[in-house]
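Trainee: These are the residues of each chain, in order.
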Amino acid sequence: MKIQTAVYSIIIITVFIALLLVYINRKLVKFDPLSEPKGIVLVVMMAAQTFDKMVKEKTDERVAKYLTPYIMTVALYIFLSNIAGLFSLETPTSNYSVTLTLAALTCILIEVFSAAERGPKAYIKSWFEPFAPFVIMNAMSKLSTLLSLSLRLFGNILSGGILMSVIYQLLAVISRKIPFVGEFNIVGALVAPALHFYFDLFSGVMQAFIFITLTISFIGKELPDK
Amino acid sequence: MEKAILAFAAALCVCTGCVTGIFEGKVAIQAVESIGKNPDAADKIQSMAIIGAAISETCSIYCLLVAFLIIFILGA
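As given, the protein sequences belong to chains L and H, one line each in that order. For the record, in the first sequence the residue sitting at position 56 is 55 according to numbering that gives the first Met the number 0, with numbers rising by one throughout. For the record, in the second sequence the residue sitting at position 74 is 73 according to numbering that gives the first Met the number 0, with numbers rising by one throughout.
Chain H with its partners taken away, still in its complex shape (with noise of 0.2 angstroms):
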């Protein structure tokens, strides 16, 4: 009983990275559109977008870490 909880306590944990996809995705989006707009300033975009997902990511890499201290750690 005690491991179900903690196995769907992981689930639940990772489970908040589903947001940080939506938002992730949104980044791309808007660094397409702006690419298309202004086809010169591709270089500056691609880093910007490329540092705005990674520390975006951040979050859910915690999340992620919060769960696999919840298999490893309280469960083993």
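In isolation and in its complexed conformation, chain L is listed as follows (with noise of 0.2 angstroms):
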């Protein structure tokens, strides 16, 4: 069997975050509430300020408990591996595995929420509504926000690595022409950075911001008041 180049990017990233937070809990432990916070203690508090706002507005205080920890993960997560082009390492949501995972991941916690707060009856009843062969509308429409979700961060941000190495070969091209340096791909190195500004942290922002705004206000959808 052939394993996927993008398995060791993933893996790189993984063990990255799991030894970032590790670090970010012995500076949090060691911190001592009545002083100033200052470096990496101030943005990690005001990051888990703006996501918890973020989670309350859309849901309710008890949910934002459990929901919180897991939006800031996956958001920092889908952030590191859509960056990940600029580390020369392959963006492994360019890969549709873990989209698929990533957008199953919130479609599950979905369902769990709203069977949470119906209870089981009502949640199966859910199903059935507003009678019971609309059973497959519902089940499509589920599928339709798995695969929407999946496909919106696969396909941007595939397009967007496609269309940087489609630029790198025209920028290989015009440079050609240029004598002595033109082998280096001279024009690449200087119009280059502002794209990857662009396709990569731009686009990598915006999409991990998406995601997790679409997560939380389809949980939030599912719960009862707001």
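These aren't lab readings, by the way, just hints derived from the structure by calculation. Source: prediction; values computed, not measured. Where a beta carbon is used, it is the ideal one built from N, C-alpha and C, also for glycine.
Mimicking DSSO-like on lysine-lysine, the simulated pairs with C-alpha atoms at most 27 angstroms apart in a straight line are:
1) H:Lys43 <-> L:Lys57
2) H:Lys43 <-> L:Lys55
3) H:Lys36 <-> L:Lys52
4) H:Lys43 <-> L:Lys220
5) H:Lys36 <-> L:Lys57
6) H:Lys43 <-> L:Lys141
7) L:Lys52 <-> H:Lys43
8) L:Lys64 <-> H:Lys43
9) L:Lys220 <-> H:Lys25
If you want the footprint, here are the derived chain L segments under chain H, 3+ residues with CB under 8 angstroms:
10) 139 to 151
11) 155 to 162
12) 207 to 218
Now that you have both chains on their own, put them together as the hints suggest.
Mentor: Structural data, given as structure tokens:
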């Protein structure tokens, strides 16, 4: 069996995140609550506050307690995966298995929160609403959530990567016209950073943000009041 | 000849994305207008605009994926 090359970058990113979280945990445990936070502690605190506010806006306090850590971890993972191209790793999110797994996790969470909120009997009944044959429609709508979530992330990141490689080829052709230094792709070195900024950084941040916003609002939709 | 037809099909596929571009721009216009009218609701409007844009973008991403499939699977 052939191992896909994205597996290596997935392992590297996962280990990096694990080490980072252990390091942050050490820092937070040592941190004195009365002193002024600075450095990484301040960054982590601000991030936690922002995410907590975001989750609480769409869901309620009780759900936010369980949902916020998951959302923060997924956001970190997707963000680091999206910008992995900058560190000359293969982007894990341009592999459909990864995005499908992430979207499947979201879909399972939606169902779990929906079931926990309504109770088992009302949950099973919700599949057959408004009347019994609609079970096909309900299943289709759940499947389309899974497909659109996973394909959105996958398509955006993959298209960014492919566009970048096409642009590099084009710039190599242009720079070959320059005498003496043409083989080095000098035009690419000058033009590409700005494009990397858009396709990797901006698009990566946006897609991670969109993924978590959609996850939060899909889960919030299943809860009663808000 | 066959490759040319495939390339044309892929290009046509991606072209459908321009409609999404127009109407996603409309989402942004409306969001800006409503924030101008009601600056207090900026946070809510912003997140709704992003969700709306992301959901309507799905359509053009499907087109893009079909174009990729045409190029890399049919054209390989």
